[in-house]
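The listed protein sequences derive, respectively, from chains D and H. Note that the first sequence covers residues 1 to 203 in the numbering used here. Note that the second sequence covers residues 1 to 203 in the numbering used here.
Honestly, the hints are just simulated from the structure, not real lab data. Any given hint might turn out to be false.
Heads up, the list lumps identical chains together, so a pair's fine if it works in one copy or across two of them.
[To be verified] Listed below are the simulated DSS-like cross-link pairs for lysine-lysine, each with C-alpha atoms no more than 30 Å apart in a straight line:
(1) Lys179 with Lys34
(2) Lys155 with Lys80
(3) Lys60 with Lys155
(4) Lys34 with Lys60
(5) Lys88 with Lys155
(6) Lys34 with Lys155
(7) Lys179 with Lys80
(8) Lys57 with Lys80
(9) Lys155 with Lys57
Number of protein chains: 2
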Amino acid sequence: MTEARIDFWFTMGSTYSYLSVMRLADIERARGIKFRWRPFHLLLILQDMKHVPFADKPTKSHYMWRDIERRAAMYGLPVKVPAPYPVKQSVTANLVAIVGMREGWGVDFVRAAYRRWFQQGEETGSEPNLSSSLRDIGQDPARILALASGEEANKLLLSATDAARQLGIFGSPTFAVGKEIFWGDDRLDDAISWLQHGSVRRQ
Amino acid sequence: MTEARIDFWFTMGSTYSYLSVMRLADIERARGIKFRWRPFHLLLILQDMKHVPFADKPTKSHYMWRDIERRAAMYGLPVKVPAPYPVKQSVTANLVAIVGMREGWGVDFVRAAYRRWFQQGEETGSEPNLSSSLRDIGQDPARILALASGEEANKLLLSATDAARQLGIFGSPTFAVGKEIFWGDDRLDDAISWLQHGSVRRQ
């Protein structure tokens, strides 16, 4: 394989993305794999598809939290479930994330925001999560929130979302190895296998 | 754990269930785990939830077949994708399956019907799949299809579907260890871990 990298496509309002956000750094270290973090605005794609996951589906939501709780335990990740959901302002968090990816502190912000959302019950995309997460990583909320509400951040996010749509992405997280996509935190091993062998093999 | 068994809840029109149907026998042998096969009629539950998976979602359907193809290869299972989908008469296949579970040839029927559906492109629940699968396993189609259209089979299937609903099941396959449910072929390892340790651990 010529691709030496996995694109990690995620949206800040996605619950299962917590499991990936919190473990990619360890996987990079342990397995020598490089992830490129790509925030996009999933809701735009789901609106096209007339589908919002878990909304008005209490049985499925209940299961989702239980599944996340069990798998977070498996990964050794602290979690307080249910976290606030659905998230009202995921777009703002995505805009901040995309500014951060450009400036170099995006991954730290995403991790801080997920930690506050899933460990302290602070809804992502709203205050106090936004400003506190920025302060946690040494960034000035006033400067960043101004950038995030500007035209350039909006263009970057729309462009990333178009690129996700072109790849056939419809959920978060999605891992992409070239044009091959793998949906769900539970497909990360499949994506790594594809990167290394060009096929999905048992790990 | 006092439970020494995993309930395998499945519906015959479910695509991902193919992956489980074809590998449970090997897992029983290799790991000494007993599965109880529980056909139910998922569409009744999905109608309650106003949700039919993959219908009118071409992007997601496309992904589903690719995902199944990659994972079937990982398990060493032959597969011709896309198989006919959605299935028009999954209820008939479920009725035959539930008669078979009572008479003792149910697992063989389910495997034969999935093999024809996923390896030969014969839609499950319709002819020729129904009668051919019964003949494959040495059963008389006329006798079985009469039983499957009778009141008793219908009652059994409704009762199994109610039991699934009570457990909070909303998809197929679902593995249940007591009241703990695990949705998806990709959660089978989690279910086995729960059975053996009472928690989800890395395998």
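Hints, one by one, checked against the model:
1. Lys179 with Lys34: within (16 Å within a copy, 40 Å between copies)
2. Lys155 with Lys80: Neither: 34 Å inside a chain and 41 Å across chains, both beyond 30 Å.
3. Lys60 with Lys155: between (34 Å within a copy, 26 Å between copies)
4. Lys34 with Lys60: Between copies only: 27 Å across, 33 Å inside.
5. Lys88 with Lys155: Within one copy, since 21 Å is at most 30 Å while 44 Å is not.
6. Lys34 with Lys155: Classified as within: same-chain Cα gap 26 Å, cross-chain 55 Å, threshold 30 Å.
7. Lys179 with Lys80: between (35 Å within a copy, 22 Å between copies)
8. Lys57 with Lys80: within (20 Å within a copy, 33 Å between copies)
9. Lys155 with Lys57: between (33 Å within a copy, 27 Å between copies)
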